[in-house]
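Asks: In order, the protein sequences belong to chains P and L. With the working numbering, you'll find the first sequence wraps up at 354, consecutive numbering, no jumps. With the working numbering, you'll find the second sequence wraps up at 174, consecutive numbering, no jumps.
Errors might be hidden in some of the hints.
For each label pair, taking beta carbons as the anchor points, the in silico distance ranges come out as [said to hold, decoys possible]:
1) P:G122 to L:S84: 43 to 53 Å
2) L:S84 to P:V128: 33 to 43 Å
3) L:S48 to P:L343: 51 to 61 Å
4) L:A107 to P:P342: 43 to 53 Å
5) L:S82 to P:V234: 51 to 61 Å
Hints in this document: simulated from the structure, not taken from any laboratory. Ideal Cβ placement from N, Cα and C applies to all residues, glycine included.
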Amino acid sequence: MTHRLGFVLVGRRAECGQDKKMIRRPWTSFTLFLLLFVIIGGALAEPIDGPTVLRRMLAAEGTAAFIAHQVTTLTRGPALTSEQTVYRDGFRGMRTEYISPPQLAGEIMVDNGKEMIHFVPGHKVARVRPSRLFALKQRTQEAARAFLHGALDVELVGKDKIADRPTFVLVVKPRGKEKAQTRKFWVDSEKWIKLKTEDIGPDGTVLSTSYYTKIEFLDKLPQEKFQFEPPPGVKIERGPARTQVMPLEKVRQLVKFRILEPTYLPNGFKCIGATAIPFRQGKIVVLRYSDGILSFSLFQTPGRVLDRGFLQRLREGPSPSGKNIYSWRRGDLNLTLVGPIPLHEVQKIAESVR
Amino acid sequence: MDCKDIKEHMIDYLGGTIAGELRCAVEEHLRVCEKCRLLAKDLERTASLVRMLDPVPVPAGFEKRLSQRIVAHQSASSLWHSISSAIIAIGQSLLVKPVGRRILRPAIAMLLLCALIGGSLFLLLSSNNRVDATDRAFIEVCREQHMSFAAANPLADESALLLKERMSQMSDNL
C-alpha cells in the first residue's frame with residue numbers, strides 16, 4: 001500500500017517518527033530518484049526509430065573498425081555464394097580476402113583510402129584502381145543529404161540477432177515508389193554497423209543477401225593490413241586515375257562535344273553529378289543517376305568507339321551474371337547505359353535523350 | 001627417302017617396330033637431317049614423359065559405353081551414307097531425263113540465291129552481336145566506372161555487387 005500511494009504517505013510516516021518507517025525512507029527516495037532519472041532521460045534521449053538507426057549506420061561507416069567473416073549469396077539466376085574475411089577500419093582501410101567459391105578463393109582486395117588493389121592470383125595480376133573507400137566517403141555524405149531531403153522512406157520493422165549481436169531491422173526504399181527495389185538492413189544496436197543486408201526486388205523476392213557470421217570490433221586496425229605488396233611475377237595493371245564528380249555544367253566546359261541529357265528518368269531517379277574520363281585520344285562523359293538505392297550511369301563519347309553492329313542493347317534485363325549494359329547511337333555520339341534498369345525504362349530514356 | 005616419308009615412319013621407328021632396310025634408311029636420314037632429328041628427339045621426350053605417368057584406371061562400364069557409342073556413330077554414318085547415295089541417284093536420273101535437265105539450272109540458281117541470302121543474314125546477325133577488342137575496352141571502362149560508382153553507395157550491398165561483377169567478368173572470359 002505504501003509503495004502504491006507514493007511519497008506523500010511515506011513522508012507522513014517519517015514525520016511521525018516511527019523508526020521502522022524511517023529505515024525505509026532512503027530506499028524509497030532512491031527508487032523515486034531513479035524513476036525520475038529514467039523518465040527525464042527517456043524524454044531527452046533521441047527516440048530509436050528508422051531515421052535514427054539509418055543516421056547512426058551512415059555515421060558508423062566512417063569510424064567502425066572490425067574483423068569479420070562474411071557470407072554473400074546471389075539468388076537471382078543460379079544461386080551463388082561467396083565467403084570472405086573482411087577487415088575494416090572506417091574510411092581508412094578495407095581488406096577483403098576471398099575464401100570461396102573456388103573461382104574466387106585467394107583473391108584479395110585492399111583499399112587504403114587512396115587506391116584499391118585487386119589481386120587475382122589465377123591471372124597473376126594485381127589491378128590498381130581508384131579507392132572505393134574515398135568514393136564511399138563522398139557518397140555517404142550524399143546519402144545523408146538524400147535522406148535529409150526526404151528522398152528515402154525508412155522504416156524500423158523489428159529486432160533480430162545476427163552474429164550473436166542484437167540488431168535493429170530497417171527497410172529503406174526510394175520515397176513515393178510503389179514498386180521499387182528495397183534494401184533491408186540489420187544494424188548492430190550498439191556499434192551501428194550493418195551486419196546483414198538484403199536486396200529485395202519490386203516483387204518481394206530476395207535478390208541477394210550478405211551477412212557477417214562472426215564479427216570482432218576493435219579500436220583500430222594496423223595500417224599494414226591495408227597495404228599490399230604483390231608477390232614476385234605478378235603483373236600490375238593500372239587503371240584510369242580517380243575522376244572527380246562535378247556538376248554537369250563544369251563537365252560541359254571540359255569536353256568539345258555537346259553533352260546530351262535524358263529528359264525522361266525513371267520515377268525517383270535524379271542526376272547526382274557528372275564526370276569526364278580520358279579514353280584513348282578523347283574523353284567519355286559519365287552522367288550518374290540514383291534513386292538513393294539503385295544507380296545507373298550514362299556514358300557518352302563521340303566518334304565510332306563501338307563497332308557498327310554493337311550499337312544495340314547488349315544484355316536484356318538481369319542476366320545471371322548481373323550485367324545490364326545497353327548501347328545506342330544518337331547523331332555522332334555513342335551512348336551506353338549501365339545499371340539495373342528494366343529494358344522498357346531504358347528505351348524511354350534512350351528516346352528522350354536530347 | 002625424304003622428310004615426308006620419315007615423318008610417316010617416325011612413330012614406328014621410335015617404337016622399335018620397324019627393322020631392316022627401312023630402319024637403316026630412317027637412321028641414315030636422321031643422321032643428315034637436323035630438322036627430323038630434332039623432331040625425333042621431341043617425340044622421344046614426349047613419349048618418355050607419357051610413360052612416366054601413372055596408369056589411370058578406367059571407370060566401370062567404360063569399354064561397354066565406348067563400344068555402344070562407336071556402334072551408334074557407325075549407324076548414323078551409314079544413314080548419312082544412304083541419304084547421300086539417294087540424293088546422288090536422284091541427281092543422276094534428273095540429268096538423264098530431259099525434264100530434269102530443264103529444271104536443274106533454275107533449281108541450282110535458286111539454291112545459290114538462298115545460300116547467298118542466308119549467308120548475308122547470318123553475317124549480319126553475327127556482326128550485330130560481335131564484340132571486338134575496341135568495343136570490349138570501351139565496355140570494360142564503362143562497366144568498371146559504373147561499378148565503382150554503384151559500390152560506393154553506403155546503402156548498397158558492396159559484397160553482392162562485387163560478387164556479381166567478378167562472376168560476369170569470368171563468364172566474359174570463358
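Asks: For every hint, state whether the structure bears it out.
Replies: How the hints compare with the structure:
1. P:G122 to L:S84: 43 to 53 Å: About 47 Å separates the Cβ atoms of G122 of chain P and S84 of chain L, which means 43 to 53 Å holds.
2. L:S84 to P:V128: 33 to 43 Å: Given range 33 to 43 Å: violated, Cβ gap about 60 Å.
3. L:S48 to P:L343: 51 to 61 Å: 59 Å, holds
4. L:A107 to P:P342: 43 to 53 Å: Holds, since A107 of chain L and P342 of chain P (Cβ atoms, about 49 Å apart) stay within the stated range.
5. L:S82 to P:V234: 51 to 61 Å: 59 Å, holds
The structure fails hint 2 only (numbered hints given earlier).
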